Amino acid sequence: MSSVMCAQHWETNWKEASTKATKTDYNIVLVFSGSDWCGPCIKLDKNIWQSPEFQKYADTHWILLRADFPRKKGNKLSVEQTAENAKLAEKYNQNGYFPLVVILNSSGKVLGTAGYKNVSANDYIKILKDLES
Numbered sequence: 007m008s009s010v011m012c013a014q015h016w017e018t019n020w021k022e023a024s025t026k027a028t029k030t031d032y033n034i035v036l037v038f039s040g041s042d043w044c045g046p047c048i049k050l051d052k053n054i055w056q057s058p059e060f061q062k063y064a065d066t067h068w069i070l071l072r073a074d075f076p077r078k079k080g081n082k083l084s085v086e087q088t089a090e091n092a093k094l095a096e097k098y099n100q101n102g103y104f105p106l107v108v109i110l111n112s113s114g115k116v117l118g119t120a121g122y123k124n125v126s127a128n129d130y131i132k133i134l135k136d137l138e139s
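According to our numbering, the sequence shown is numbered sequentially starting from 7.
Hints were generated in silico from the structure; no laboratory data involved. Quantities reported herein were computed from a predicted structural model and do not represent experimental measurements. C-beta: ideal position from N, C-alpha, C; glycine also. Take the hints with a grain of salt, since some may be wrong.
Label pairs and their calculated CB-CB ranges [as the list claims (entries may be wrong)]:
no.	residue 1	residue 2	range
1	N19	D42	28 to 34 angstroms
2	G121	T66	20 to 26 angstroms
3	T88	D31	29 to 35 angstroms
4	E96	K62	28 to 34 angstroms
5	N19	V116	16 to 22 angstroms
Model the full assembly from the supplied sequences, consistent with the hints where possible.
Shown next as C-alpha cells:
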C-alpha cells in the first residue's frame, strides 16, 4: 500500500527552483519567512504549508522556494544560504515584509503577492491560484 502523502520539498536555491519550474511548467511559490521570530510566519507554516491539503495541491502545481531569515544563533544559516536569501529579498522583498508569499513564473516574473491570512489551507490555495490568473 502506498501513501499519497509525501513530505513537502522546499527549494532554497533560486536556480534549482527556476530550473524545476521550467521543466514542469509550474509557477514558483517563494516564501519570505522568519522561522524563529515572526509569529505570522510560524502560523502560516503550521496552518498552511504543513497542511495535507496544501502539500497535496502544491505537489502537482507549484515549486516551493523558501527564503528564511532566522534570528536565533542556533538556527543560523550557512553564509551561502544567507547570501542567496539576501539576493532574493533584494529583488522580491525590498520592503522587508514577513511573511511575504510571492508567486513567480519560471523566469522570475512576479504574478502576485500575498501575506499571512487567517484562513483554511483550501482558502489559502484559492488565494494563491487567483494570483496566477
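Structure-based check of each hint:
{"no.": "1", "hint": "N19 with D42: 28 to 34 angstroms", "result": "21 angstroms, violated"}
{"no.": "2", "hint": "G121 with T66: 20 to 26 angstroms", "result": "25 angstroms, holds"}
{"no.": "3", "hint": "T88 with D31: 29 to 35 angstroms", "result": "31 angstroms, holds"}
{"no.": "4", "hint": "E96 with K62: 28 to 34 angstroms", "result": "33 angstroms, holds"}
{"no.": "5", "hint": "N19 with V116: 16 to 22 angstroms", "result": "19 angstroms, holds"}
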